[in-house]
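Residue-level listing of the chains:
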Amino acid sequence: MNEVEHPPEEVALPTRDYSWLNGKLIAGATILLCVLLFTLLGRLFWDVTLARVASCPLNLPPIGFTMPGPGFQPAQAAHPLGTESSGRDMLALLITGTPNSMLIGLIAAAIGIAVGTMLGMAAGFLGGWVDAVVRICSDAVITIPSLAVLIVISSYVSEIDIKSMGLLLALFAWPGATRVIRAQVLTLRERGYVQMARLSGASTPEILVCELLPNLLPFIAATFTASVSGNILAATGLEALGLGPSRVPTLGMTIFYAIRGAAILRGMWWWWGLPILMLMLVFTGLFLMAIGLDELVNPRLRGSGDA
Amino acid sequence: MRGITKGYLIKRIAMLLITVWLGLTLMFIIPRLAPGDPISAMVSRLSAQAGRVEQSEQMIEAWRERFGLDAPLSIQYLRYMGNSFRFRLGYSMAYFPTTVEEMVLRAMPWTLGLLTLATLISFMVGIAIGALLGWRPTPRLVRTFLPITLCFTSIPAFMLGILLTYVFAFGLRVFPFAGAYARGLSPEYSWEFVASVVHHGTLPAAAVVLTSMGHWALGMRAMMITNAGEDYMVLAQAKGLRPSRVFWMYGVRNAILPQVTALALSIGAIAGGSIIVEYIFTYPGMGYLLYQGIVNNDYPLIQGVVFVLICGVAVAVFIIDLLYPFIDPRITYERG
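Chains as they are written, first to last, in the working numbering: chain D, 364 to 670; chain Z, 391 to 726.
For the record, the hints were derived by calculation from the structure and aren't laboratory data. All C-beta atoms in this analysis are idealised placements derived from N, C-alpha and C, irrespective of residue type, glycine included. Just so you know, not all the hints are guaranteed correct.
[Claimed, not checked] The following residues of chain Z were derived to be distant from chain D, with all beta-carbon distances above 12 Å:
hint : residue
1    : A461
2    : I511
3    : A518
4    : P577
5    : V584
6    : L647
[Stated by the list, open to error] Taking lysine to aspartate or glutamate pairs in the EDC-like style, the calculated list, with each CA pair at most 20 Å apart, reads:
hint : chain 1 : residue 1 : chain 2 : residue 2
7    : Z       : K401      : D       : D494
8    : Z       : K401      : Z       : D718
9    : Z       : K401      : D       : D502
10   : D       : K387      : D       : E658
11   : Z       : K396      : Z       : D718
[Stated by the list, open to error] Residues from chain D that keep clear of chain Z, each with C-beta distances beyond 12 Å, as calculated:
hint : residue
12   : S448
13   : V557
14   : P568
With the hints as constraints, model all of the structure from the sequences given.
Here it is in structure tokens:
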């Protein structure tokens, strides 16, 4: 009815394109730092060997909670977050499992982004048949439900460790990055400074590394953050089905043991709830960082304030 | 010009075939990369588990026929492709005389129904929320409280599923724990059965919807804000069109296009996520079937389910691609 006449959107032009002081970015990074700090301090101040099977009394609830029914003892101060049905201490599990879960996602995302950036830059800048091949391959791989294929692979592998799991996930981590980088290169390659470099006789690799790469960094950062989150999600998914590493604790495997041990039906919320809470913190941190980075590279999103 | 051009159609069909071929080839290669002969590995694992294997001769015969392991690799590959395209997926190991295609066909309607409904609801609600958030005239009150609906966005669907089970099935006991319909009912078109299906499907669907709609909302909000500065929006407002018309026909109509592309790109991920949601809720669909395959080391079943999942997702993307030119007529002469 009204409100057609808005004030012009950006009155004061920002002096720089990217201001790294973005609220969401900082909030997300703070959450992640707190999680890391928790695991680092935990290793110093808590006995992490308690994460091994049968190192504690079974089925203790966290301090301050009592469980009705037989089979449950009162909480003990020695195990502030309780223990589960195989005698692992929940606090020790969180301290040792969280970095493992995050590491899997980091490895997969790092490889995926590296490959994706190279392919995306090659496809976007060279064009022609290179572009066609890269685009068809990445579109096809994106369409394939990667989790399903990963399930098939892991069902043939009897024992998997953190690094191989990261490598496995990286198989499907590159197409998303390829798409984003390619689209960005397409808009960048007609810019003045690229034309300038081309005219002054710079070779293609030179232009790619010296001119394009620095300008792609914010996009690479945003994609990387989203990719870490996506890969931790895929890893926890595989682990929740029991297909993760069984020698070292991870949050996903803890959830798997909880489901297999009927923790929901028995009311042992701390067994599945604490690893989920931890993962939620990690996911929320990464998500906020990804949104923040998105707003950095796409300043218009900052416009409407709230939300 | 509206509609689908021939070139566009051919490209989309080629893409569909490439995707299915890639998936099939992966399924062919993976078992052969695993150490040892797949069949003897399967039988030894099975006999180690069960102590004895009934009809093991017959099973090995069936698998030899299925895999044709005595033939050269190229012949094996062609046979495997031929069998897959004729939808012959072999015998399940855990439930031997049953074929994998029988089991898949029994599970498919549940997954198809749950996933299609949940995805559509999530997409439409997410789009609506995002459109309102990115629209300046939206009342401040709505804009302040709407983001609360998005607080589950960064959580994986299966984790929310566990939380929902604990709160609504274990704590409040208003929804059932598991299954797709109450025990004692048989699948038929009766009110009682339909009500039971809805009752059982609510929690898994809610887990998928609540965790995924935020992504559509964020994308939609971003596009609405980007579009708001376009000349055609200013012109539409300046010539005095009703705000509702500007909102729907100029704002939403244009901002929704990238979301449809995003939907096509993320169907694979949605299907993957729903595997674990079904497993959490022991919902008798493809995901739970896959879990049973993993638990029983039932390799033909695992491969069959994954093959059908890949095909299903590829077909869904194909359908979206075919619909796309109708909502965005530019596509036919820009990229088509």
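Each hint tested on the structure:
1. Under the 12 Å C-beta cut-off, the non-interface status given to Z/A461 relative to chain D holds; the minimum distance is some 21 Å.
2. At roughly 20 Å from the closest C-beta of chain D, the C-beta of Z/I511 stays outside 12 Å, upholding its exclusion from the interface.
3. The beta carbon of Z/A518 is kept farther than 12 Å from every beta carbon of chain D, the shortest such distance being approximately 14 Å.
4. Every beta carbon of chain D lies more than 12 Å from that of Z/P577, the smallest distance being close to 26 Å; the non-interface claim holds.
5. No beta-carbon of chain D is positioned within 12 Å of the beta-carbon of Z/V584; the least distance is around 27 Å.
6. With a least beta-carbon separation of about 15 Å from chain D, Z/L647 lies farther than 12 Å from that chain, consistent with its non-interface assignment.
7. Proposed proximity of Z/K401 and D/D494 is supported: the alpha carbons are some 15 Å apart, at most 20 Å.
8. Straight-line distance between C-alpha atoms of Z/K401 and Z/D718 comes to about 17 Å, which keeps the hinted pair within the 20 Å bound.
9. The suggested pairing of Z/K401 with D/D502 holds, with an alpha-carbon distance near 12 Å, which does not exceed 20 Å.
10. Only pairs whose Cα atoms come within 20 Å are accepted, and D/K387 paired with D/E658 is accepted, the gap being roughly 9 Å.
11. Distance hint between Z/K396 and Z/D718 is fulfilled; the C-alpha atoms sit about 16 Å from each other, no more than 20 Å.
12. Every Cβ of chain Z is farther than 12 Å from the Cβ of D/S448; the closest lies at roughly 17 Å, confirming the non-interface assignment.
13. Residue placement check: D/V557 keeps its beta carbon more than 12 Å from all beta carbons of chain Z (closest about 24 Å).
14. Chain Z leaves D/P568 outside its interface by the beta-carbon criterion, the shortest separation being 29 Å against a cut-off of 12 Å.
Checked against the numbered hints above, the structure violates none of them.
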